[in-house]
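*Asks:* Sequence:
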Amino acid sequence: MEWSEKQMRILVEAEALFASKGYEGTSVRDIAQKANVNVAMISYYFGSKDKLLLALIKQRMEQSSMVLNNVSHNEELDPWEKIDRVIDYYVDKMLENRNFHTIISRQMSLDQDPVFREMLISSKMRNSSVIAEIIAEGQRRKIFRKVNVGLTIGTVMGTISQVSMSKPFYCSLMKLDPEDDVAYFKKVRAKLKHHLKSLLRAYLTTEGGK
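Start counting the sequence shown at 1; every next residue gets the next number (this note's numbering).
Any given hint could be a false lead.
[Stated by the list, open to error] When the alpha-carbon atoms are kept at most 20 Å apart in a straight line, the in silico DMTMM-like pairs for lysine to aspartate or glutamate are as follows:
id, residue 1, residue 2
1, Lys51, Asp92
2, Lys191, Glu96
3, Lys187, Asp177
4, Lys58, Glu96
5, Lys21, Glu96
6, Lys124, Glu96
7, Lys142, Glu75
8, Lys58, Asp92
9, Lys167, Glu96
10, Lys34, Glu5
11, Lys93, Glu24
12, Lys58, Glu13
13, Lys193, Glu75
14, Lys187, Glu96
15, Lys167, Glu75
16, Lys34, Glu24
Just so you know, these hints were derived from the structure itself, not from any lab.
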């Protein structure tokens with residue numbers, strides 16, 4: 001779907017407000033003021049705050065789906081290179097878009113809206129299936145061993161989410177200033193990518209794999 005510049009501005013500001021104030025604590029008026037648009041403009045583009053949240057999720061998931069499909073269908077990459085690209089993408093995405101993932105985690109824990117829940121599950125399933133295809137390719141080529149694909153994906157995503165959302169704890173571990181986001185995410189990004197790539201190599205590699 002094509003998003004106009006004004007729609008994207010509304011989505012960006014809504015995302016920041018949902019993350020800082022909570023979805024329930026953010027009004028359409030708050031979003032309009034932050035995005036410097038008329039309240040009626042939000043109704044025109046999105047219809048309601050609920051539909052704005054769904055649009056935000058759709059926009060993020062569409063972006064991920066496009067990136068993952070490009071990696072999966074790139075015939076110049078072997079399965080290990082594809083796995084590395086996926087890890088690089090998700091670490092960058094989840095650390096840089098912490099607001100979005102805070103919203104998702106919070107709304108999933110509330111589990112109140114079946115439309116929201118089904119859309120999110122559908123999007124996650126679609127993107128997870130692309131990662132599963134990459135793992136299946138490695139298995140067909142006798143590079144990867146047989147594993148539980150769902151739990152493997154969960155291990156990767158859960159690790160990134162934990163590091164992203166538990167900054168004070170990891171700042172203590174790495175002796176970093178918890179107020180310095182730039183230093184923290186610069187240092188943790190490289191460490192996280194290296195850790196996850198090493199972890200998956202140890203876990204996925206067959207005896208004849210490289």
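*Asks:* Now tell me, hint by hint, if it's right for this structure.
*Replies:* How the hints compare with the structure:
1. Distance hint between Lys51 and Asp92 is unfulfilled; the C-alpha atoms sit about 27 Å from each other, more than 20 Å.
2. For the given pair, Lys191 sits about 15 Å from Glu96 by alpha-carbon distance, which is consistent with the 20 Å threshold.
3. Proximity of Lys187 to Asp177 is assessed by CA-CA distance (about 12 Å); at most 20 Å being required, the pair is judged to hold.
4. A C-alpha spacing of about 18 Å is found between Lys58 and Glu96, which places the hinted pair at or below 20 Å, so the restraint holds.
5. The straight-line distance between the Cα atoms of Lys21 and Glu96 is roughly 19 Å, inside the 20 Å bound, and the hint therefore holds.
6. For the proposed pair Lys124 and Glu96, the alpha carbon gap of about 19 Å is at most 20 Å, so the pair holds.
7. About 17 Å separates the Cα atoms of Lys142 and Glu75, which keeps this hinted pair within 20 Å; it holds.
8. This hinted pair checks out: Lys58 and Asp92 have alpha carbons roughly 19 Å apart, not beyond 20 Å.
9. Restraint check for Lys167 and Glu96: satisfied, since their Cα atoms lie roughly 13 Å apart, inside the 20 Å limit.
10. At roughly 15 Å between alpha-carbon atoms, Lys34 and Glu5 fall within 20 Å of each other, so this suggested pair holds.
11. The hinted pair formed by Lys93 and Glu24 fails the criterion: a straight-line CA distance of about 25 Å is larger than 20 Å.
12. A threshold of 20 Å between alpha carbons decides the hint, and for Lys58 with Glu13 the separation of about 16 Å falls inside it, so the pair holds.
13. Distance check on the hinted pair: Lys193 and Glu75 sit about 23 Å apart at the alpha-carbon level, beyond 20 Å; violated.
14. Taking the CA atoms of Lys187 and Glu96, the gap is about 13 Å. The hint holds against a cut of 20 Å.
15. Between the alpha carbons of Lys167 and Glu75 the distance comes to roughly 38 Å, so the proposed pair goes past 20 Å and is violated.
16. Our distance criterion of 20 Å between C-alpha atoms is met by Lys34 and Glu24, whose separation comes to about 16 Å.
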